[in-house]
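As a plain string of letters, each chain reads:
Number of protein chains: 2
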Amino acid sequence: MIGFGLIGSSLARVVRREGLARHISACARTGETLAKARKLGLADSYTTDPAAAVEGADLVVLATPLGVYAAIAEQIAPRLEPGAIVTDVGSVKSCAIRDVAPHMPEGVHFVPGHPIAGTEHSGPESGFAELFEGRWCVLTPPPGADEGAVERVAELWRRAGSTIEVMDAAHHDQVLAITSHLPHLIAYTIVGTATDLENHLQKEVVKFSAAGFRDFTRIAASDPIFWRDVFLNNRDAVLEVLGRFNEDLTALQRAIRRGEGAVLEDAFTRTRAIRRGVIEAKQA
Amino acid sequence: MIGFGLIGSSLARVVRREGLARHISACARTGETLAKARKLGLADSYTTDPAAAVEGADLVVLATPLGVYAAIAEQIAPRLEPGAIVTDVGSVKSCAIRDVAPHMPEGVHFVPGHPIAGTEHSGPESGFAELFEGRWCVLTPPPGADEGAVERVAELWRRAGSTIEVMDAAHHDQVLAITSHLPHLIAYTIVGTATDLENHLQKEVVKFSAAGFRDFTRIAASDPIFWRDVFLNNRDAVLEVLGRFNEDLTALQRAIRRGEGAVLEDAFTRTRAIRRGVIEAKQA
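Order-wise, the sequence lines are chains D and V. Under my numbering, the first residue of the first sequence carries the number 1, and numbering increases by one thereafter. Under my numbering, the first residue of the second sequence carries the number 1, and numbering increases by one thereafter.
Since the hints were made in silico from the structure, they are not lab data. Watch out, some of these pointers could steer you wrong.
What the hints assert, rightly or not - Here are the simulated lysine-lysine pairs, DSSO-like style, with alpha carbons at most 30 angstroms apart: (1) V:K282 to D:K203; (2) V:K203 to D:K282; (3) D:K282 to V:K36; (4) D:K282 to V:K207.
To be verified - Away from chain D, derived, C-beta distances all over 12 angstroms, residues of chain V: (5) E55; (6) E106; (7) A129; (8) R258.
For each residue, glycine too, the CB sits at the ideal point set by N, CA and C.
Next comes chain D alone, as it looks inside the complex (with noise of 0.2 angstroms):
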């Protein structure tokens, strides 16, 4: 397991649980990341040091931010054992295809993966094994990828409680920039927005933030680093629906400008369809 935060964290609970593996071996970049992973017990070793801890592993599971990965894949491949299997939680595809695979030795199987799970916290202390029950996880793999290492990581995945859906990368990125990327885009916006206003105005926008606010703070309090190489790393998809998203606000401002009530309405009568559908799908 290298990168040892939520999600990491979190599988590797999953892992111990169900019993999938003889030894989980921990490692993050900080010491403090590894010394809290010790004190809560998840894993057999700890190691700041990527290449020892791919040594004699059959799974490696990436879950760092995004940013790192090449140096990783570069630092790990003499290491890996031939039939590995290496796979990775990130949240753009593309780009963890385009800095791991090449990479990879001969024999060493790399199958991208991406779990729709988390929360707003980070750090091995915020995660618990339950948090990818009844979620998706959506698996990547480049075209001839093996079907044993495919299915090995789908297993994975099943054991923590997720429901397996397979997608080409491309795709699966322009989905995400608009469910999750352009959400915490516009979350972290309209939250930098009130930081920036008079301070007597911001005491008051935390007092009542109950009223909406509030919830775009949760998703704004989200890890910078791992959102930032998510955004320079599905740059085309996110800049796409960042383009409709404003061409769209634009027009309501434009309604509210000349005070036209029936296209206010109709579009907020439109969007409850989605949510009727997101309820459906037992994703609320």
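Using the hints provided, position chain V relative to the given structure of chain D.
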């Protein structure tokens, strides 16, 4: 109680639980809403005629969308008892004063109020007496308002479990534009953007909505008429804060396009302080 949806019916439940009135009259525009209220046994009498509802009342609560305030104020004015108190629960206060105060007869006290509480559900069947517990209720009495009347309305909300804050109506509207109106506008926009996607993509957006999007669908499921009237009646404050939001979003968009990781990381880090404030203020 004129208007018997989520807020009106919840307040009626409080009034009954606390034994605050000898007689509760429920007034709704549609027979359908009244039938629901009657079935739930939430009032002592039921009518679709606002003028009939206020007959003999010592406290009148307006809990309709803002757009019908002026018409209702005009209708009820001739039947209001001398010394009666009229209050409301609307989300914009300047327009409440503009539309109601001029119609109030001599000796009738108008005390505008706004409980900062709600859910995405509508109708009397969605209400519950605990809705206001631990929340703020803002009162915006105009200069020279009767102190006894203000105190009586304040006491009603204290019995509902709320804490009272008194402020100027224009200031209230500015604060709420940020904490409530803009978040709702943004949520409606992003869900609307998803609604316009090609059908197959839209299905996937619903499927993978747990990644952040679903929180917006909840906010964007709120009552369309209610929100139409908010935006029509708090236009200037909403457009002002929307202008700031647009500038900030454009700056982030530019940073994404240029690959400026440091700008993104800084923006995503600054927002954490506000979240801490929300948690410390026990509004999370």
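Structure versus earlier hints, numbers of those that do not hold, lowest first: The structure conflicts with hint 8 only, although it agrees with all the remaining ones.
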